[in-house]
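K.L.:
So you can see what is in the structure, the chains are spelled out below.
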Amino acid sequence: GAVVSQHPSWVICKSGTSVKIECRSLDFQATTMFWYRQFPKQSLMLMATSNEGSKATYEQGVEKDKFLINHASLTLSTLTVTSAHPEDSSFYICSAILAGGPGETQYFGPGTRLLVL
Amino acid sequence: GESVGLHLPTLSVQEGDNSIINCAYSNSASDYFIWYKQESGKGPQFIIDIRSNMDKRQGQRVTVLLNKTVKHLSLQIAATQPGDSAVYFCAENKSSGGGADGLTFGKGTHLIIQP
Numbered sequence: 041g042a043v044v045s046q047h048p049s050w051v052i053c054k055s056g057t058s059v060k061i062e063c064r065s066l067d068f069q070a071t072t073m074f075w076y077r078q079f080p081k082q083s084l085m086l087m088a089t090s091n092e093g094s095k096a097t098y099e100q101g102v103e104k105d106k107f108l109i110n111h112a113s114l115t116l117s118t119l120t121v122t123s124a125h126p127e128d129s130s131f132y133i134c135s136a137i138l139a140g141g142p143g144e145t146q147y148f149g150p151g152t153r154l155l156v157l
Numbered sequence: 008g009e010s011v012g013l014h015l016p017t018l019s020v021q022e023g024d025n026s027i028i029n030c031a032y033s034n035s036a037s038d039y040f041i042w043y044k045q046e047s048g049k050g051p052q053f054i055i056d057i058r059s060n061m062d063k064r065q066g067q068r069v070t071v072l073l074n075k076t077v078k079h080l081s082l083q084i085a086a087t088q089p090g091d092s093a094v095y096f097c098a099e100n101k102s103s104g105g106g107a108d109g110l111t112f113g114k115g116t117h118l119i120i121q122p
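Same order as they appear, the protein sequences are chains A and B.
41 is the number of the first residue of the first sequence in this note's numbering; add one for each residue after it.
8 is the number of the first residue of the second sequence in this note's numbering; add one for each residue after it.
Just so you know, these hints were derived from the structure itself, not from any lab.
No residue lacks a Cβ here, since even glycine has one placed at the ideal position from N, Cα and C.
Treat the hints loosely; a few may be bogus.
To list a few chain A residues with every Cβ distance to chain B over 10 Å, as calculated [unchecked claim]: (1) Cys53; (2) Thr57; (3) Ser58; (4) Glu62; (5) Gly93; (6) Ser94; (7) Lys95; (8) Lys106; (9) Ala112; (10) Thr115; (11) Leu116; (12) Thr118; (13) Ser123; (14) His125; (15) Pro126; (16) Ser129.
The calculated lysine-lysine pairs, modelled on DSS-like cross-linking and capped at a C-alpha distance of 30 Å, are [as the list claims (entries may be wrong)]: (17) Lys95(A) x Lys49(B); (18) Lys104(A) x Lys63(B); (19) Lys114(B) x Lys60(A); (20) Lys81(A) x Lys114(B); (21) Lys106(A) x Lys54(A).
Just chain B, with the same shape it has in the complex (with noise of 0.2 Å):
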């Protein structure tokens, strides 16, 4: 079935870089994408999140990025944090118009902060 998935399960950054996680989606129904970090034993903490009718989108240290011609979602972190080390999903809301749809998550990617 389709699915939305990621390309790099860990991902090793200094302190103190930008940190670019990706994912890739399948779906090209799917109209909104969000991004969530989850730390260990925790449930997952939105982040940011985009529709399809945008390209970018930014919030405070973090950028998303849309290119629903090749199906690609991108997670931007400026100046990597120790408290950035997380687990990084994307997820994918297949509804519109305000749907309550459930999630589509990604495999994930571990990001690491390196002192």
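Isolated chain A, as found in the complex (with noise of 0.2 Å):
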């Protein structure tokens, strides 16, 4: 059980474009979702908080225009990277937390690379 998907699992795109990566919780409901950047061998860091029905937290110095985040059910939650530049390439990790359990445990999904060209 809690298992997360993420689609796309990779995406290739030109610079200036927007690119939407879906994050779901398959069998359980997720009151809160989370986003996170990973770096080629570097840690995990978190982008923003999403809270279903309300509008995403993002940690200081990342751009809320430019990742848009939207948590529209308890099972799915979409961030969009718009006008994509090479520099935003990376590999997007979103985590959801089980709706009803001990509030903490965060299962992640098994991430999209992103290659902007």
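The task is to assemble the complex, starting from two chains supplied on their own in separate frames and drawing on the hints.
P.N.:
Right under this line is the structure:
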């Protein structure tokens, strides 16, 4: 149980285009989802916290107008990288917290690798 | 700012030996710690967690030790196997009482199992 999926698993796009990444909790409802970014050989960095039905909370230094987050249901959160540039190339990983669970255990998705040319 | 960090970037051990991966944290308010395993190109996989009111917690072949005095966390893996090869991250969640906070990850240690 507690499976989180992401789509697509990888994407290549041209500079200036927008890319949407989906994060789904497959067998549970998630009131809160998180988005992380990981550059090669580096650690995961929290980008934003996504709560169902409300605006996302962004970490310091993360542009909310560039990384649009929508959490329209208890099983889906989307991250849209707008006007992507090569420096946005990274591994984007989401996680979800089980609604009604202990409140802390985060289940991670498999990640989405973005390459901006 | 405060951060969670690791002492060694790479750890190489013989198959069958025990591995110890260390982590230092600086936020004394942290009350929940987690170890994750990440294989190449995949998302982090939960290994074991521990709360600040505990010193030790054991799982299957893994043990996490917490020393709050020196703000140190370690992960012990017994009888390492080839499948244990991965990058291991410690992570910190500053929430208490079931709050939903994002995690602060350490730099990671690449564990290499030699045959």
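K.L.:
Under the criterion that the straight-line Cα-Cα distance not exceed 30 Å, is the pair lysine 114(B), lysine 60(A) satisfied?
P.N.:
28 Å, holds
K.L.:
Beyond 10 Å on every Cβ pair: is that true for leucine 116(A) relative to chain B?
P.N.:
17 Å, holds
K.L.:
Does the claim that serine 58(A) lies outside the interface with chain B hold up, using a Cβ gap greater than 10 Å?
P.N.:
Answer for serine 58(A): holds, closest chain B Cβ roughly 23 Å.
K.L.:
Report holds if the minimum CB distance from cysteine 53(A) to chain B is greater than 10 Å, and violated otherwise.
P.N.:
About 19 Å separates cysteine 53(A) from the closest Cβ of chain B, which puts it past 10 Å; holds.
K.L.:
If you draw a straight line from the CA of lysine 95(A) to the CA of lysine 49(B), is it 30 Å or shorter?
P.N.:
28 Å, holds
K.L.:
Minimum C-beta separation from glycine 93(A) to chain B exceeding 10 Å: can you confirm that?
P.N.:
Glycine 93(A) is indeed farther than 10 Å from all Cβ atoms of chain B, at 14 Å.
K.L.:
Regarding the pair lysine 104(A) and lysine 63(B), is the alpha-carbon distance no greater than 30 Å?
P.N.:
Violated, at about 40 Å.
K.L.:
For serine 94(A), is the shortest CB-to-CB distance to chain B above 10 Å, so the non-interface label stands?
P.N.:
With a cut-off of 10 Å, serine 94(A) remains clear of chain B, as the shortest Cβ separation is near 12 Å.
K.L.:
Any Cβ of chain B at or closer than 10 Å to threonine 57(A), or is the non-interface label fine?
P.N.:
23 Å, holds
K.L.:
Verify this label for me: threonine 118(A) is non-interface relative to chain B, using a Cβ-Cβ cutoff of 10 Å.
P.N.:
17 Å, holds
K.L.:
Take a quick look at whether lysine 81(A) and lysine 114(B) sit within 30 Å of each other, Cα to Cα.
P.N.:
At roughly 9 Å apart (the allowed maximum being 30 Å), lysine 114(B) and lysine 81(A) satisfy the hint.
K.L.:
For glutamate 62(A), which was marked as not at the interface, is the minimum beta-carbon distance to chain B over 10 Å?
P.N.:
14 Å, holds
In this structure, the one hint that does not hold is number 18.
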